[in-house]
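Residue numbers (this note's numbering), protein chains in the order written: chain A, 149 to 429; chain B, 149 to 429; chain C, 149 to 429; chain D, 149 to 429.
Keep in mind that the hints were calculated from the coordinates and are not lab data.
A portion of the hints provided could be inaccurate.
Computed footprint of chain A on chain D; a stretch qualifies when at least three of its residues, placed anywhere within it, have a C-beta under 8 angstroms from a C-beta of chain A [as the list claims (entries may be wrong)]: (1) 209–221; (2) 253–259.
DSSO-like cross-link-like pairs, simulated, lysine-lysine; straight-line CA separation at most 30 angstroms [claimed, not checked]: (3) K412/A - K190/B; (4) K412/C - K190/D; (5) K357/D - K190/B; (6) K357/D - K190/C; (7) K176/D - K243/C; (8) K243/B - K212/C; (9) K212/C - K176/D; (10) K216/A - K164/B; (11) K357/D - K357/B; (12) K412/B - K190/A; (13) K233/B - K216/B; (14) K357/B - K412/C; (15) K357/B - K190/A.
No residue lacks a Cβ here, since even glycine has one placed at the ideal position from N, Cα and C.
Read off the chains here:
There are 4 protein chains.
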Amino acid sequence: MNLMKYILQIHCPDQKGLIAVTTQVLAKAGANIIDLKQHTAKDIGIFFLRAVFEIEEAGILEVKNHLKSIESEYQLKWNLLNTKKTPRIAIFVSKTDHCLYDLLLKQRDGALACEFSCIVSNHTDLGPVGGSFGVPFYYVPSNQEKSVQEGRFREIISETKTDGIVLARYMQILSADFTQDFLYKIINIHHSFLPAFKGAKPYHQAWHKGVKVIGATTHFATEDLDQGPIIFQDIERVPETVSIGELIQLGKDIEKRTLSSGLKLWLEQRIFVYAGRTFIL
Amino acid sequence: MNLMKYILQIHCPDQKGLIAVTTQVLAKAGANIIDLKQHTAKDIGIFFLRAVFEIEEAGILEVKNHLKSIESEYQLKWNLLNTKKTPRIAIFVSKTDHCLYDLLLKQRDGALACEFSCIVSNHTDLGPVGGSFGVPFYYVPSNQEKSVQEGRFREIISETKTDGIVLARYMQILSADFTQDFLYKIINIHHSFLPAFKGAKPYHQAWHKGVKVIGATTHFATEDLDQGPIIFQDIERVPETVSIGELIQLGKDIEKRTLSSGLKLWLEQRIFVYAGRTFIL
Amino acid sequence: MNLMKYILQIHCPDQKGLIAVTTQVLAKAGANIIDLKQHTAKDIGIFFLRAVFEIEEAGILEVKNHLKSIESEYQLKWNLLNTKKTPRIAIFVSKTDHCLYDLLLKQRDGALACEFSCIVSNHTDLGPVGGSFGVPFYYVPSNQEKSVQEGRFREIISETKTDGIVLARYMQILSADFTQDFLYKIINIHHSFLPAFKGAKPYHQAWHKGVKVIGATTHFATEDLDQGPIIFQDIERVPETVSIGELIQLGKDIEKRTLSSGLKLWLEQRIFVYAGRTFIL
Amino acid sequence: MNLMKYILQIHCPDQKGLIAVTTQVLAKAGANIIDLKQHTAKDIGIFFLRAVFEIEEAGILEVKNHLKSIESEYQLKWNLLNTKKTPRIAIFVSKTDHCLYDLLLKQRDGALACEFSCIVSNHTDLGPVGGSFGVPFYYVPSNQEKSVQEGRFREIISETKTDGIVLARYMQILSADFTQDFLYKIINIHHSFLPAFKGAKPYHQAWHKGVKVIGATTHFATEDLDQGPIIFQDIERVPETVSIGELIQLGKDIEKRTLSSGLKLWLEQRIFVYAGRTFIL
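Same shape as in the complex, but just chain A (with noise of 0.2 angstroms):
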C-alpha cells in the first residue's frame, strides 16, 4: 500500500452542500482526511475549503476526475498538491543577508518544509552563504537589460526546476510579463508602517514621525511589486530611544520573521487568492 498525502484547495460561489458534495468526493475515493477548514465569506459570498487528505496512490485519479466532472455545475476553482514531492523555491537576494539566514537555517531545522532550489544575486556577495548550505548560487548582474535578466532568470527556474521564488530582500524591480507569468508563485517583503511612508528612507520618515510601531508585509508580488495580495503582516513596538540606525535594526528583525511566515503558509497551500485578496485557512 502507498499512502499519500495531500493538500485539496476549492473555492467556488456559496451554494447549499457544498462541504457534503465535495467531502464525498474524497470519501469515495478512499481519502482519510486529516484537517479540513472551511469559511464562507459571507460578505462577498464565497466558499473555501482546505482539506488534508491521505489516500492510496490509485485513488487520487479518482479525485481529480470527480472533481473535474462537478466544476462547471459549481463555478469550482481547486488545487490539488501532493505533499510527497516538496516544492523547490529559489531565493533571489541582493547584497542583505539577514531573511537569507533566516530561511536557510529555518529551513535546514525542519520548520520549511521545501528544499531551496538555488540563490539567485545582482550581486556576488552572498555566494558563499549558498556555497555553505549547498545551495547552487547564481550570479544575474543587474547592469543588463531587464529582459535578458529576467531570461536568464527562466533558464535558471526551469534547469533548477524551481516552483517558487522568494524575494528575500532582492531590490530589482520584475517586469509585469515575469510577475504575470509566475502569478501567486513569487513572495516578496516590505516594511510597513502606521501611517504608511512614501519614497526613499521609509525608516528616516518613520522616526521623524516618532511612529511608535513598525512593521512588514509579505504578499504576493504583482505588476505593482508592493501592492499584490497580502500573506501575512507582523509589528514590533518602537522603544522610544531608538535612532535611527537601529530603527533600520529593528526592521530586519521584523522582515525576516514576517517572509518566513508568509512563505510558511504558502508552502502549507494555506493561501486563497480571490478578489484581490488572500484569505488563509
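Once you have looked at the hints, place chains B, C and D on chain A.
This is chains B, C and D only, laid out in the frame that chain A set:
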C-alpha cells in the same frame, strides 16, 4: 420557510471518511454549511469538527436522529446548539467591578452574543451596576453554610433560566458538587505568571521576582478551581518602572480582556474539552 | 512642612553638563528627585529630560527663577507641573460610547490621574452616561456655524476649568484656530492600517485588502486633524474568518485601549513634542 | 583629545539629592551625559541610575576617585564600563544550534555589541559552525568529573579573555562554585509556560494541558540554574491545531529571540540586580 442557524460539535476517535459521513448527515437533511473547521489531533488520534449551518426547522430532527443512529459505530460525542436561542449567562461577582463592566458593555455593544440573566454577589456593593444595565441583582451572603449559598444559587439559576455562569472576580470557593453539576458551564479567570506563584498576593510576589510579562487565564471551573481546562490566555509586558500598585492595575486590564475573550469563544460554541484540555476550533 | 510633587520637563540643544546643571537647580532648592529619565536624540542633537521630584512649597519659586535665569544660555524649553493639581479633562463625543465608557471606568478605577470636567457632544444620546458617572453633560449641536459651536466650547472650557480635551470618537472637524489655541492639549484617536487607507469606510477597505493587522493611533489634534504628532499606537491581529462587521468591532477595542493609554502618557507629563514628533520619556 | 564613552551604573538606598550629587561627579570631571535613566523603586526604597557619558581619557580617574570618596556616605554600589572595550562572550552549546546561529548572525550584523571569544561544547557537532564564523571551538566532554570540566572552562575563559558566558541551550548543570565565581556573568535561557510545568518534556506537558501561550525566560545562572534573576521574557500564542512537534519548533523560535534580547540588555549594561530581581534601565 423558517430558516434556523445551528452549531454542531463532534469529536470521536479518528477514522477514515468521518467528515464525509457527518457532512452527508447535514446535506441529506437539507442543511447549508456556512463555516466548518475540522482538526485531527494526531498526537492523540482524536477527530474534532465544528460546523455552523442553516437549516429549515423541520430538518433538524432528521439531523439529530441520524447522528444518534451512528453514535455507537463511531463513538461519536456530539452537541447541537440552536443559535436563535440566546444563551442566558449569570455573572458572579464580589466587590471588584472591572470584569463586570467590561462584560456588560461588550454585551450591550453586540460583541458578546448572550443575555445576562442576573448578577449574583456575596456583597451588595455592585447592586446599582446591575440596576443601570437592567440586569437583576441577587445578594447571596457568604456568611452562611456553603450548601445554603449554593442551594440559593441553584434556585436563582432555575428562576432566571440561566445557561452558564461567569465568575467575574467572584472570590469564593465553589463546592465540588456544584462545579460538577455545572461542568464546563462555569468560566473563571485567574492571573497567570511566568513563572507561576503560589499563595497570597501573587502580584507582590511577581514584582519581587522582577517578572517581565504577566498574564491571565480563562478556564472552566472544576473542583480544583484554578486548574480546569484552559480556554484563553493573554499577556502584557511589564514596564520596568512599575510599582506593585501599578502592576495590580495592569493585571486588572488583562483579566477583563481575557475573561470576555474566553466567554466569546464559549458563546460561539468553539470549545471542545477532551482529555483534560480544550481544543478551540 | 508641606511636601509637593512636581514634574519637570526640559528640552534643548544637546551640550555638555546639562544634566548636572539641571539637577543642581533642583538640589539647591532642596528637591528630592524620585524618577528621572534623560535621552539625547543623537540624530537631531536634542536633549530631553523628565524629572519627578518632591519639594517643600517654598522651594518651587527658587526652581522657577533658577530655570528662567539659565533659559537663554542653554536655549532651554521647560515646563513644570504640580501633581497636586489634578488635571481637568473634557471628553468630546458624538454617539459612539466605547471610548467614553472606557475612560470613565479607568478614571474611576484610579488608572487615569485626572478628573473629567465635562462631556461635550453634538448629540444628546450619551447624556445619561454623564449622569450616571456624575460628569456634567453639554449638548452643543453641530447644525450651527462652526464659530458658534467653538465659541460655546470655549465658554464650557472656561466654566468647567478644563485643562485638556479628549476627542473620544467626536466626529466633527475642529477649526485651525481652535486646535491652534489648544495646541498639544487636544488628544484624538483614529484607526490605522498597514497599509493606510484613504477615504470612507476604512474597515471595509481593509477587509477587502485582506489586511492581517489593524491598529489605532492616539495623537495630538492639529489643524490637519489626523496628522498631528503621534502619542501612542497599538495593534491587533485580524483573524482570517472575520466579517467586515467583526472587523469594525475589533477596531473599537483597539481604539479605546489606545486612547486611554495615550491619555495616561499625557497626564503623566511624559510627552515632549519636538520637530513635529513626540518623544515619550 | 581622546574622547571615551562610559556607562555608569549606581544603586543605593534612596535619599535626597542623589542625582545632583552623582551628575555633579560627572560634570566636574568634564563628562557629557548622553543618556540617563533613573528610577526609584518606591516599594523597596532603592535608587537606581544608569548614565552613558563621554569623557576625555584623563577625566575617568577623577570620576572613579570621586565615586569612591562618597561610597560609604551614600552606601553607593557603582560600576563603570568602558564601551571602547568590546565585551568578549563565550557561547556554551550542546547539540542544538538555533540559539547559536541567531547569536552569531546578530553579532555579525551589528545588533550585539560584543565579540564571541569562543564556543564551548560537550559535543563536537557544532564545531564547523564556529569555523565558518571564525570563532574558536572548544570541545569539553561531559563524561568527566564536573570539577575537571569546569577546570577546563576556567582555562578557556582565561586564555580567550572571556568576560561573560551565554548558555545557548547548553544542557549540562554547572556547579554552585562555578556559577558563584561568575555571578551575574552567565546568562541562561529556558522555556516558560502559563502555568509552569515541572519535570521532563515540558512541551509535551504544555500541549496536553492545552496552553494557549508559551514563553521563554532569559535569566542569570545561579546555583539553582533556572531560578536566577529574570532578565527578559517573551511569549508567543499557540495556534490551536499545533502538534507537539510544532509546539517544540515554536518554542525554539521564542528561545532564540529571548536569549539574544537578554544578551543585548546585558551588553548595554542596562541590568541591575537587587534583592534577587533585576531592574532594567
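| field | Violating hint indices (sorted, rising) | value | 1, 6, 7, 8, 15
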